[in-house]
Structures are given as C-alpha cells and as structure tokens.
Amino acid sequence: MARRYIHAGILLCLLLWPAALAVAENNGPRSVRVGAFNYYPALFQDTDGAVKGFYADLLGEIAARENLKIEYVYGSWAEGLQRIRSGEVDVLTSVAYTPERDAFMDYPETPLLTVWGELYVPLSSDMDSILKVRDKTIAVMKNDYNGAYFVDLVRKFNLPCRFVEMAEFDDIFAAVAAGRVDAGVVNSTFGVPKQRAYGLRSTGVAFNPFDIYFTVAQGKNGELLALLDRHLKESRRRQDSVYLQSQRKWQYGSVREIVVVPRWLILSAVALGILSLGTGAFVFLLRRRVRKATEVILEREANLRQSAEMIELLLNSTAEAIYGLDLQGRCTLCNAACLRMLGYEKTEELIGTKIHGRIRRSPADGTPDAGTESSPPGRDGTHVVDELLWRRDGTSFPAETWSYPLRRDGLVLGSVVTFVDITLRKETEEDLKEKNAEIERFTYTVSHDLKSPLVTIKTFLGYLQQDLASGEEGRVQRDIGYMETAVDKMALLLDELLRMSRLGRVVHTSVPVTFRDLVEEALAAVAGPLAEKGVKVQVADEDLTLYGDRRRLAEIWQNLIENAAKYMGTQQEPHIEIGMETLGADRVFYVRDNGMGIDTRHQEKIFGLFEKLDPESEGSGLGLALVKRIVDLHKGKLWLVSEGCGLGCCFRFTLPAATNPQGGA
Amino acid sequence: MQGEPIVVLLAEDDPAHAEIVRRNLEGSRIANRLEHVSDGQAALDYLYRKNGFSNPSRSPRPGLILLDLRMPKVDGLEVLKIIKADPAFVRIPVVVLTTSAVETDIARAYDCHANSYLVKPLDFSKFSELMETFGYYWMIWNQNPG
Chain A
167 MARRYIHAGI LLCLLLWPAA LAVAENNGPR SVRVGAFNYY PALFQDTDGA
217 VKGFYADLLG EIAARENLKI EYVYGSWAEG LQRIRSGEVD VLTSVAYTPE
267 RDAFMDYPET PLLTVWGELY VPLSSDMDSI LKVRDKTIAV MKNDYNGAYF
317 VDLVRKFNLP CRFVEMAEFD DIFAAVAAGR VDAGVVNSTF GVPKQRAYGL
367 RSTGVAFNPF DIYFTVAQGK NGELLALLDR HLKESRRRQD SVYLQSQRKW
417 QYGSVREIVV VPRWLILSAV ALGILSLGTG AFVFLLRRRV RKATEVILER
467 EANLRQSAEM IELLLNSTAE AIYGLDLQGR CTLCNAACLR MLGYEKTEEL
517 IGTKIHGRIR RSPADGTPDA GTESSPPGRD GTHVVDELLW RRDGTSFPAE
567 TWSYPLRRDG LVLGSVVTFV DITLRKETEE DLKEKNAEIE RFTYTVSHDL
617 KSPLVTIKTF LGYLQQDLAS GEEGRVQRDI GYMETAVDKM ALLLDELLRM
667 SRLGRVVHTS VPVTFRDLVE EALAAVAGPL AEKGVKVQVA DEDLTLYGDR
717 RRLAEIWQNL IENAAKYMGT QQEPHIEIGM ETLGADRVFY VRDNGMGIDT
767 RHQEKIFGLF EKLDPESEGS GLGLALVKRI VDLHKGKLWL VSEGCGLGCC
817 FRFTLPAATN PQGGA
Chain B
3 MQGEPIVVLL AEDDPAHAEI VRRNLEGSRI ANRLEHVSDG QAALDYLYRK
53 NGFSNPSRSP RPGLILLDLR MPKVDGLEVL KIIKADPAFV RIPVVVLTTS
103 AVETDIARAY DCHANSYLVK PLDFSKFSEL METFGYYWMI WNQNPG
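Chains A and B, in that order, are what the protein sequence lines are.
Sequential numbering from 167 applies to the first sequence in my numbering.
Sequential numbering from 3 applies to the second sequence in my numbering.
Since the hints were made in silico from the structure, they are not lab data.
Be a bit skeptical, because a hint or two may be false.
Derived DSSO-like pairs: lysine-lysine, alpha-carbon spacing no greater than 30 angstroms straight-line [as the list claims (entries may be wrong)]: (1) A:K771 - B:K83; (2) B:K128 - A:K617; (3) A:K617 - B:K83; (4) A:K360 - A:K386; (5) A:K520 - A:K655; (6) B:K83 - A:K601.
In this text, all values refer to a predicted model and were calculated from it rather than measured experimentally.
Please put together the full structure from these sequences, using the hints given.
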C-alpha cells in the first residue's frame with residue numbers, strides 16, 4: 167500500500183536529518199583567540215595542558231552554539247593585557263574597568279563576575295585587620311587592579327610595609343604558604359577555592375569590589391563582544407546555565423556534575439525528539455487508521471446484522487413457504503409460512519430432520535416417499551405445478567413447488583425449496599371449469615335451439631312462396647302454421663334465456679321467510695294448472711325459517727310443483743306431497759308426485775338446459791335447469807328418486823345457505 | 003338404379019324439420035319410403051322393434067338412417083353409438099342431419115362412425131338442393147350393403 171511506504175520515507179528522513187545538519191554546520195567555525203591567565207577557577211591551565219575553568223565552560227558553550235573555535239593564548243595577566251593591545255588575542259577575560267584600560271579596550275554591558283580583593287595569610291598568622299600589615303611583606307600580582315588598590319589603601323592608612331609583585335595568583339599563594347611573604351592579595355574568585363589547597367586563610371580584609379568583564383581590543387571585534395554579552399546575560403539570568411553551574415562547581419568544589427551538553431548529544435536529542443515526534447505522528451496515524459478500520463468493521467458488522475434481520479423479516483413475511491436442504495436432505499432453514507402450512511409450531515421441529523420424508527409421501531397411503539428425499543434439483547431447478555404435501559397431522563394439501571440448487575463456487579451445497587398451498591386455486595379452477603362447461607353448454611344449446619326454428623321459418627317461407635304460386639290453399643295454411651310454431655318457440659326460448667341469465671346476476675337482499683310461506687306462494691302461482699288437472703296437494707305441518715331471496719326460493723317449489731302437475735300422465739288421482747325431513751346434518755326438502763315418473767335411463771338428462779323428455783309437452787325444458795341453478799346458488803344438492811315409468815317421482819334438495827346462513831353464503 | 007325403394011328412417015324431434023325432409027324427398031323423383039320417429043328412444047325402439055314397432059311390415063329395416071343430434075330422451079349420438087356397436091345395424095349408413103355446425107359435434111359424430119354429417123342450411127333453396135343431392139347420392143349412386 168502506498169501510504170505505508172510514505173510513512174516509512176518520512177521516518178527515514180527524520181532519522182537522517184540531524185546528521186545532514188551537522189555536516190552543513192561544520193563548514194569553517196570562526197576562530198577566536200582568548201588571552202588566558204591563571205585565574206583559578208575561572209580559567210587555568212590544568213596539569214594536562216588543557217585550559218579549564220568556568221570561563222572555559224562558558225566560552226565552550228558559546229562556541230558550540232555560535233560555531234566558534236576558541237583558542238587560548240596562555241600567559242600571565244600582564245602578558246594578556248599586552249596581547250590584547252597588540253591584537254594577538256581577540257578577547258581578554260576578567261578585565262576590571264579602569265579609564266586607562268578603557269582607552270584601548272571595549273567593555274560589554276554585562277560583567278563576568280563581581281569580585282573583590284582579599285588578603286590571605288597562613289592559617290597560623292594572627293593578621294586579622296588591615297592595621298596589622300605594618301612592616302609586613304605583602305605579595306600582589308603585577309598590574310592587578312586589586313593589588314594596585316591595596317597598595318593605595320595601605321598608603322592611605324599610612325602603614326609602612328613592603329610589597330612584592332608576582333606574575334600570578336598561584337605564585338602569591340605559594341609564596342605566602344612558603345612564608346616568603348607574610349600575606350598576599352588575590353582576587354576573591356581565586357582565593358576562596360584555592361585557600362585550602364595552600365593552607366591559607368582570609369584575613370577578613372576584603373576590599374574594592376568591582377566587576378570584571380570580557381573585553382576586546384578597542385574598535386575591533388565589536389560583533390564578537392555583542393555576541394559574548396548576549397550569552398553572558400542569558401547565562402547569568404538562568405540558574406541552570408552552564409556558566410553558573412560551572413562557577414559553583416569550580417568555586418566551591420561542589421561535587422555536583424556540571425551538565426555539559428555536547429553538540430552531538432543535542433543533535434541526537436533533536437533527532438530523538440524528531441524521531442519520537444515522527445513515531446508519535448506514526449502512532450497517531452496508525453491509531454487513526456486502526457480507529458477508522460474499526461469503524462468500518464463495526465459498520466460492516468452492523469450492516470451484516472441489519473441485512474440478516476432484513477433477510478429474516480423477508481423470509482418470515484413472505485406468503486410463500488421456504489425451506490432449505492443440505493446434500494443429505496436435512497432441513498437447514500424454514501420460514502414462518504412453511505411452519506404454518508405444514509402444521510408445525512417451532513423451527514426446531516423441522517431443522518436438521520429429513521424433511522422430504524415427512525412432507526413428500528406416497529399420494530395413495532401417505533407412506534414416506536424415499537425417492538425424492540435427497541436428490542438435489544438440477545441446474546435450472548425443478549418446478550412441480552401440482553403435488554401433494556403432507557402436514558404433521560397426516561393430512562395433505564395440493565401445492566406448487568419450486569426447487570433450486572444452492573451453489574457456492576460451482577459446488578452444490580444443497581437446495582432451497584419454495585411452495586404455495588394451491589387448494590384454493592384448485593377449487594377456483596374447478597369452479598371455473600364448471601362455469602366454463604356450463605357456458606359452453608349454454609351457448610351450444612342456445613345456438614342449436616335458436617337455430618332450429620330459424621331453419622323452419624326460412625324453409626317454410628320458401629315453400630310458402632311456391633305454394634302461393636301454385637295456389638295450393640291447404641299447403642299454404644300448413645306452411646304458415648309451422649312458421650308460427652317456430653316463432654312461438656323462439657319467443658319462449660328468448661324469454662326463458664332472459665330469466666336464466668337474470669338468475670345469475672340479480673341478487674335480492676336476504677330475508678327470513680318460512681317454508682310454509684314459500685310453498686303457499688308457489689302453490690298460488692301454479693293454482694291454474696293444478697285445478698285444471700284436479701291435483702291434490704298435501705303440505706307437511708312442520709315449519710322452518712329460511713334466509714334468502716324470497717322470490718327465488720319460491721321458484722324452486724313453483725317449478726317442481728308445475729313439473730309434477732305437467733307429467734301426471736294417465737293418473738286418475740293425481741297427488742303431490744310437499745315436505746321436509748332431516749338426513750344427517752341436513753334439512754332435505756322434497757316434492758313427491760304419483761305421476762308418470764321418469765325412466766331411470768333418462769334421469770341424468772332432465773336437469774340439462776332446454777332438455778325435454780317429451781317433445782310434445784309444453785314449455786321450453788328450462789324448469790328443472792332453473793331449479794338446479796337456484797339450489798346450486800344455495801350450495802345445495804338436487805336429486806331425483808323415481809322407480810321408473812308410471813311409478814311417480816320425488817325431487818329432493820338441500821339448501822344449506824338458506825337453512826344455515828352462518829355456514830353458507 | 004335399384005327397383006326396390008329404400009326405406010329411410012328419419013329421427014327428428016322437430017315436426018317442422020321432419021316435414022321439410024319429407025317434402026324434399028317427395029319432391030325429388032327418387033322413389034323411397036320415409037319412416038319418421040320423433041326422439042332417440044323411438045329410433046332405437048323402431049330398430050329393435052319394441053314398444054309399438056313390433057310389426058315388421060310397419061317398421062321395415064331401413065336402408066339409410068337420417069339422424070338428428072339433439073333429441074329428447076336419448077340423443078342422436080347415443081343412438082349412433084348403439085347402432086354402430088350392433089353388428090345387426092352397423093352397415094346401415096347413418097347420415098347426421100342437424101342444425102349444429104359445432105366442431106365438437108362433428109368430431110364426435112365421426113368418432114361414433116357416422117357415415118356423413120350434414121348441417122341444415124338456413125336457406126330454403128339450399129336445403130332443397132342438399133336434400134336432392136343427398137337423395138341422388140345415397141339412393142342412386144351409393145352402393146349400399148345388402
């Protein structure tokens with residue numbers, strides 16, 4: 167990944183940078199010569215020849231920071247003064263201010279130290295006041311400001327004594343210690359740390375406090391002076407500065423280590439700092455990446471959970487039943503619709519079981535059908551339009567099923583089967599088939615029965631023309647007679663067709679009506695034919711309330727009574743019996759006559775549309791078809807019981823929708 | 003061609019249509035004898051000499067049967083099946099004469115071995131022409147089994 171390389175690159179740059187920096191800065195450090203003299207512990211030449219002291223530490227630090235190279239020109243104090251005058255050195259240290267010196271040197275603002283002169287004597291000496299210097303031999307350093315001051319001071323006190331000038335403070339202390347002189351004047355800076363080494367002590371005579379400075383030759387090295395001044399100011403201000411710490415160490419012999427920070431260490435520290443910054447940044451970036459990655463993972467997890475929930479919701483809300491199978495035919499999943507349709511309560515009842523052994527059985531006796539148990543569906547799946555599936559309780563239902571193989575990387579892992587219960591569809595299909603057949607019968611009947619009279623009319627019109635032309639009066643009358651009959655037949659057919667079609671469409675509101683009322687109404691409608699043939703009618707006493715379309719229900723009895731009266735045949739005592747009885751859970755109504763009866767061979771035909779057993783009889787043959795239709799509408803059955811010709815007949819029917827309205831339409 | 007008139011049995015429930023057939027056959031100069039029954043049951047009774055058809059001289063064996071399909075009691079197809087299933091009558095040519103031009107009716111009739119299927123035309127002259135051609139074909143030109 168590109169980002170990883172970029173990070174590594176940044177890190178590498180950070181590591182190499184300080185080294186590059188160091189190389190760049192090594193180009194020509196400026197050389198600065200410093201006039202040095204023995205001024206322990208500020209500046210002195212150690213036994214190994216190196217110049218040391220807290221000035222050296224200070225200058226060393228400045229040099230490191232300002233890219234300077236310090237060279238010490240070691241000599242006596244007087245030589246130092248001489249060297250700065252001649253320009254042999256650039257800087258002189260520990261220079262007190264005097265107007266005379268100011269003439270050939272430039273002073274900075276900040277002093278190096280504030281010092282004073284002190285009179286040192288051997289430990290055994292009794293000198294403790296300036297007055298006791300009388301007639302003593304006192305060593306002073308040549309050209310030393312302190313020394314000069316002390317000489318002047320003694321003279322002012324008017325105390326006669328001898329003075330011996332020496333080159334260095336060490337010489338003075340050595341002379342005092344050796345007893346070659348009685349006392350020596352040194353700078354406090356030097357005296358305090360060195361007294362013990364020489365076995366001397368301060369007399370307590372201290373004088374002439376003054377500041378000492380770094381100086382440069384007048385008019386030269388002004389820039390260097392400013393630089394030194396700047397560092398000195400800073401060093402004196404900060405207690406932890408190299409200068410002050412070093413001063414303390416040298417002056418008081420403190421065992422504390424001076425914190426000297428070498429350049430390489432600083433560079434390393436910087437490098438380390440940058441490294442740690444880089445590492446920090448790296449860690450920060452890494453953390454951010456980790457956080458982001460974590461967020462992504464969490465989000466994915468949430469998405470996964472969400473889609474899993476969605477899939478479960480989909481599975482359980484779909485109307486189709488769904489179950490999955492592994493290669494052994496064991497159920498791996500099933501949805502709510504599947505459980506419901508198969509009559510199970512919990513998924514656990516099916517998961518892991520060989521489901522096909524349970525739901526696919528032999529259609530005949532319900533024994534498990536081993537053949538279909540574990541064979542996975544073909545590449546494009548299998549679709550069975552109509553098969554029987556078995557519920558837990560041993561009942562079965564027709565279903566349409568689809569099986570699809572479940573594949574991953576071209577490997578079949580199992581299959582997914584969906585199915586729907588098609589009981590209702592099949593019922594509807596049956597209904598539709600029946601309706602279609604009825605419509606077909608109807609159109610057939612109509613086309614045939616309506617065409618017949620048309621043929622008659624057309625043909626006899628032809629004959630009529632012929633017969634009129636030939637003047638055959640008798641034939642003309644007969645021709646017209648045939649045509650009239652045909653026209654009447656057509657009119658009747660059309661009327662009844664209209665009645666029939668209304669039966670399917672017009673639905674009157676359902677009202678309660680008693681059995682006896684319906685029979686009364688029917689009898690009133692056919693009173694004429696009954697009286698004409700002298701038919702006796704007997705109605706049962708029992709009564710019952712029915713619910714339905716009053717007119718339509720009455721039409722059942724009306725047509726059956728009319729039919730019975732019509733086919734009384736040669737019966738001398740025509741008789742019709744109307745009643746009802748209970749057969750199982752059903753109320754069965756009946757209309758029985760003692761007329762000519764119906765030949766058992768023709769009994770199936772009588773309920774057909776426009777079927778007549780007797781071509782000579784009146785009517786269109788619609789009556790019984792109509793009754794059948796009304797009974798059908800009330801979810802009932804209509805059947806005929808007749809022993810045969812001359813033995814009368816009995817029509818029986820049920821009307822569940824009218825007698826038991828809750829369970830029916 | 004043959005001296006003896008052929009007996010034609012007409013099974014037809016519509017009296018008007020029976021009259022049309024009768025007039026047409028009478029009108030043509032083909033000598034024949036027409037016996038009319040008005041339903042399928044009667045046609046079977048005629049052939050099997052039952053219920054009033056027991057006298058062979060009054061109900062001679064037909065040389066040709068003209069059969070309507072839609073008839074009361076027993077319909078034409080049923081009659082056709084019985085005739086063609088009975089070795090005694092199987093050779094009698096049966097010509098279906100009906101108003102129905104419905105394909106299923108035609109197919110069913112031939113399935114039951116009808117020898118011909120004629121649809122009653124709506125036109126007078128065509129009906130006459132059909133009956134004349136029918137007469138010539140079946141009673142003059144067609145060789146009937148004995």
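How the hints compare with the structure:
{"no.": "1", "hint": "A:K771 - B:K83", "result": "17 angstroms, holds"}
{"no.": "2", "hint": "B:K128 - A:K617", "result": "16 angstroms, holds"}
{"no.": "3", "hint": "A:K617 - B:K83", "result": "25 angstroms, holds"}
{"no.": "4", "hint": "A:K360 - A:K386", "result": "35 angstroms, violated"}
{"no.": "5", "hint": "A:K520 - A:K655", "result": "68 angstroms, violated"}
{"no.": "6", "hint": "B:K83 - A:K601", "result": "28 angstroms, holds"}
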